[in-house]
Amino acid sequence: MNTLPEPQTTRRLSLSALATKRMGQTVEVGIVPVLILLALYLPFAYFVIPEANVLHLSLFGINLIGQIMCFALLALALDLVWGYAGILSLGHGIFFGMGGYLMAIYLLNGAYAETHVLPDFMQYMGASDFPAVWKIFSRLDVTVLVTIAATALAAGIFGFVTFRSRINGVYLSIITQALTYALMLLLFINDVGLGGNNGMTGFTTLAGHRLADVSTQIGLAVCSSLLLVVAYVGVRFLARSSFGRALIAVRDDEARMRFLGYRTHTLKLFAWCLSAVLAALAGMLYVPQVGIVNPSIVSPQLSVEIAVWVAIGGRGTLIGAIVGAILINGLKFWLTAQLPAVWPFILAGVTLLIVVYTSNGVWGTLKGAGSADKGGRR
Amino acid sequence: MNPKLPDTAIYISGLSVQFAGFAAITNLSMEFRYGEIRAIIGPNGAGKTTLMDVITGKTRPAAGEVFLNKVTNLATLDETAIARLGIGRKFQKPSVFEALQVRENLELAIRHGRGYADMVRSRLSAQQNRRIDEVLETISLESEGARVAGTLSHGQKQWLEIGMLLVADPHVILLDEPVAGMTDHETDRTAELIARLKSPERAVVVIEHDMDFVGEIADLVSVLHEGQLLGEGSMESVRNDPRVIQVYLGR
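Line by line, the protein sequences give chains A and B. According to the numbering used here, the residues represented by the first sequence are 26 to 403, in order. According to the numbering used here, the residues represented by the second sequence are 13 to 263, in order.
Watch out, some of these pointers could steer you wrong.
One side of the interface only, derived from the structure: several residues of chain A facing chain B at Cβ under 10 Å [as the list claims (entries may be wrong)]:
#1 Tyr137
#2 Val239
#3 Arg276
FRET-style restraints, in silico, Cβ to Cβ [said to hold, decoys possible]:
#4 Arg142(B) <-> Val52(A): 34 to 44 Å
#5 Thr51(A) <-> Asp231(B): 54 to 64 Å
#6 Thr51(A) <-> Arg142(B): 29 to 39 Å
#7 Arg72(B) <-> Ala174(A): 34 to 44 Å
#8 Ala174(A) <-> Gln139(B): 36 to 46 Å
#9 Ser153(A) <-> Arg133(B): 51 to 61 Å
#10 Leu211(A) <-> Asn39(B): 48 to 58 Å
#11 Phe185(A) <-> Val132(B): 18 to 28 Å
#12 Phe185(A) <-> Asp130(B): 18 to 28 Å
#13 Val52(A) <-> Met223(B): 47 to 57 Å
#14 Leu356(A) <-> Ala158(B): 53 to 63 Å
#15 Ala158(B) <-> Pro58(A): 25 to 35 Å
#16 Thr51(A) <-> Arg72(B): 47 to 57 Å
None of these hints come from the bench; they were simulated from the model. By construction, the Cβ of each residue, glycine as well, lies at the ideal position given by its N, Cα and C atoms.
So here's chain B without its partners, still in its complex pose (with noise of 0.2 Å):
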């Protein structure tokens, strides 16, 4: 492990967010480590999808304090500069850029954004070039990397979108619903490149409603309700947790 990094790649403490007065996320505290693959569960509404816009600066927090390695301020920064500083994000449904070409969506994300020049040249290092080939066969794309990303079924769009994280290199990744309409082989294909994110210089956040997925790749499971943590553990213990059954199963 890398002795400069701090255990804690996102903090998070006494968050509360509100849209026009419903509050999404009412006091909320709770920490996401390095090395740590971290589910988050809860029913529709708990606020899940909302805490990962507030972490990547989507959406502004009405109080409560977001940082990242304890001494940067998410709240503080747009999108742009946050993703700068390697936190990536998938999105629930797919969001690859169905108009270009698989190899090109990977080169985007290769990018950050960053050198005007050498995209107007249409030029990358020979690194970034290997890194594309290796997460192409990392995804079990390396033969489509010339196909419009629009024609992918959508498992295959699924792991371009983690396939654009991977190449991205990011400290933190927040996976939103990353199985939802999968097929059985293709969550446990998921499954499978998931647990390849984890490293012990990487924080990885999976919110997820498919259990046995969630029991599958997480160390630590938290569940929502309502906008407030309603526990953390191990996916054993959640399961047997009579708050978190009282929540899920009704009364």
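If we strip away everything but chain A, and leave its shape as in the complex, we get (with noise of 0.2 Å):
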């Protein structure tokens, strides 16, 4: 065969690239418990490590890291559908959005059972009671439900439609781009009855705890740590399984898997549902946690920024857009804080510099030769 002839540096090559891949392993498994007992250590630094002490953490950087963790999970849905399916969406803001307004309008509920008082946007429309259709989300249950059928059939439409027409690549993230500036648009309508400009805000409970409570909010943070680890879990079972590998070939030449009998619209379709619910799950945890939503949540900017957070840590990695998300979002929060002005610079800057200098993010890189994600375009 004529492999023969270079067996040694084959061998040697292998063998680092093995230890590569095994650390990589170990530190992709090791994220479970790591975001496990930051979620146990959230209400330990607050209520028993002293305030003096350097672990303790403020309300604030509680409320913070549930934020940033909302962030994560909705890198984590984009990382499936790009890294693995070959689908770049610049329009995720949209789901993310969806379970947003859908919790507000649940969170409006409530505090209008409390105090029978309309929001102030609906004054101002001038309705005299609140809209029939809203009392669907006034159980928190109920809500999550609907939000799930709700975004899954929104992503299955536009899905069905795109996937089925073979609309690929560039064309499909113009696309997904225009919507999401289209929905914006249509959020600011204030006769749309979703606050218009202004938004939604004014949440007093959920599922019965105060929001201004510290427990609630620590609590909120939590489940988001949580709920991340879930998905993480379940998103990487099924991108190490062979459907995983079906999505990677996709990926990588969808004609090919067409001609071995794949009915490639249907995989991606399956992928993009999926990574659409949990984006819309991360912004019902995400507003709670900010006490407001508005238009700004399906800004392109944001949904663009997704993809910026994948692209950093590692796309097709999926622990690689957990640490982009991460990583950016919490040097955005601390440089805004300090350097608002450079911001958008620094962000500019490191995107390059991980772009020219990395083959594939933050993660790509560190896990380093020896990935079976490697090789993907697009």
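Two chains, each in its own frame: build the complex with the hints.
Here it is in structure tokens:
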């Protein structure tokens, strides 16, 4: 065989590749207990550790961690479709926003039941009663189920039409970006009845817990961390299964997969809908933590940023998406407070450096050779 | 031979294909039969690859008929449906999935795109696993199953792709220039592999420029020229056909 002349180099290479791969896998599995420990640490850090101690976390800090966990989940969702199925969505903010807005409707239901005062924007619009449709969202479990169903349906319709029409690559990215922009403009309109420009705020309770309570806020941050863990374990299982390999194959050569007998649009549709649902769940947890939802949640800017987090962390690695989201958002919260004017330049600089100097983001490079995920383009 | 199987695997009649006014194939009629290895030769632009595109559903004909077993009209089906009917294709440039391991490539092929629950559970039947082991041996990659396909040599990639056809066990196999860019040794090995594809229940069609290779493997040779059938027969008779000589060697 013609592989014979080069056994030595191959052997040495494969050994070091094996070592990096094993280390990579350790960290990939290790993130699960780390995130669980973090979740357990949050209440401990606030209630038990005294304020003077450096390990103490303020409510602001815990709230921040909770928000970042939502962003990490959002990035994980995007990595499933972009890193594995090769679908670069620049519109995942739509699904994040759907979750956020539907959660806000639930929260306003709760506030209305308590105070019997219509939200400001409804009064402004001259409404005299709470809209009947909104009453569907008076219970949390129903809201969660309806949100999952609605996002899956919306993603399903979009995916069915585009994937069947074989719209791929940059064309699909542009369409998703345009839809994001369109949805944002739509939400700006007061007559749509979702608060227009100002959005919706004034939330009071969530499933019987007062949002102003410290324990509720800490609970939300803990839930965000734990949901991220569950989603990571699930998506990783899927990505490493034969199904995940079929997605990688679709990403790298969709036409070839058709000639093998695969209904490639069905594979993509499944990953797409799952990703959309994860993004919506992230939005549902995000909104009660920031206390407001407005059209900026579906701004093209946020949707592009999600792709930047994934690209910086390392596309097609899952953990890279989480690392990228935590890194960039951590940096963002810190620097926008310290040097607000400089932040966009720093983000652009970091992105450029990583794209130019690493083959596949921070995690993709750390993981090095021997990765099953390398070699994919687009 | 399976008595239920008709003689003719692919039946093509009056086929015309046009690309924006350019006639790639004009009124072509031919048949590929079970149990034979057919070679299609012809100069560049003769319509050889286009013919494969039509049979596999990638390109729609402007006119004419393409039937499988004389009953299934392939012109109305898409690539996936045609692949599931048992028509497998190997492309001119090796198109294995480079990010996946050798064995994972074969697993993709053996599933035929069916059984999503088994895909999610990464489940293969014992029979499918056995078949993959057999094929790995046939294509001399038995010790490379865990290797990432992108690191294989050009020849090995070509064999892996033939292996992907083998595990899928198709009734009709279309090979587009399987030995292009191969060393003499690799070419010999590929000829052996293709000879193993031959079965009474299978039609094999090979597009090739390498005349020695064609002479070695083909039962019957069809010559295409400017989208039309120029001649058909044994390698010997085709080689001595004055029209074929003229097309290949010029005036």
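Structure-based check of all given hints:
1. Taking 10 Å as the C-beta contact cut-off toward chain B, the hint placing Tyr137(A) at the interface is violated, the least distance being around 43 Å.
2. Below 10 Å, beta-carbon pairs count as interface contacts, and Val239(A) has none with chain B, the closest being about 41 Å; its hint is therefore violated.
3. Interface restraint check: Arg276(A) against chain B, minimum CB-CB distance 8 Å, threshold 10 Å, status holds.
4. At roughly 36 Å, the beta-carbon separation of Arg142(B) and Val52(A) lies within the given 34 to 44 Å, and the hint holds.
5. Taking 54 to 64 Å as the suggested C-beta distance range, the pair Thr51(A) and Asp231(B) conforms, at roughly 56 Å.
6. Under the hint 29 to 39 Å, the C-beta atoms of Thr51(A) and Arg142(B), about 34 Å apart, fit the expected range.
7. The hinted window of 34 to 44 Å between Arg72(B) and Ala174(A) holds, with their beta carbons roughly 38 Å apart.
8. At roughly 39 Å, the beta-carbon separation of Ala174(A) and Gln139(B) lies within the given 36 to 46 Å, and the hint holds.
9. Restraint check, Ser153(A) to Arg133(B): a C-beta distance of roughly 55 Å satisfies the suggested window 51 to 61 Å.
10. Remark: the range hint 48 to 58 Å for Leu211(A) to Asn39(B) is upheld by a beta-carbon distance near 55 Å.
11. Between Phe185(A) and Val132(B) the beta carbon distance is about 20 Å. The supplied range of 18 to 28 Å therefore holds.
12. Roughly 24 Å separates the CB atoms of Phe185(A) and Asp130(B), a value that falls within the hinted 18 to 28 Å.
13. For Val52(A) and Met223(B), the Cβ-Cβ distance of about 56 Å falls inside the hinted range of 47 to 57 Å, so the restraint holds.
14. At about 39 Å, the CB distance of Leu356(A) to Ala158(B) disagrees with the hint of 53 to 63 Å.
15. Range check, Ala158(B) to Pro58(A): about 28 Å between beta-carbon atoms, so the 25 to 35 Å window is met.
16. Roughly 52 Å separates the CB atoms of Thr51(A) and Arg72(B), a value that falls within the hinted 47 to 57 Å.
When the structure is compared with the earlier hints, violations turn up for hints 1, 2, 14 and for no others.
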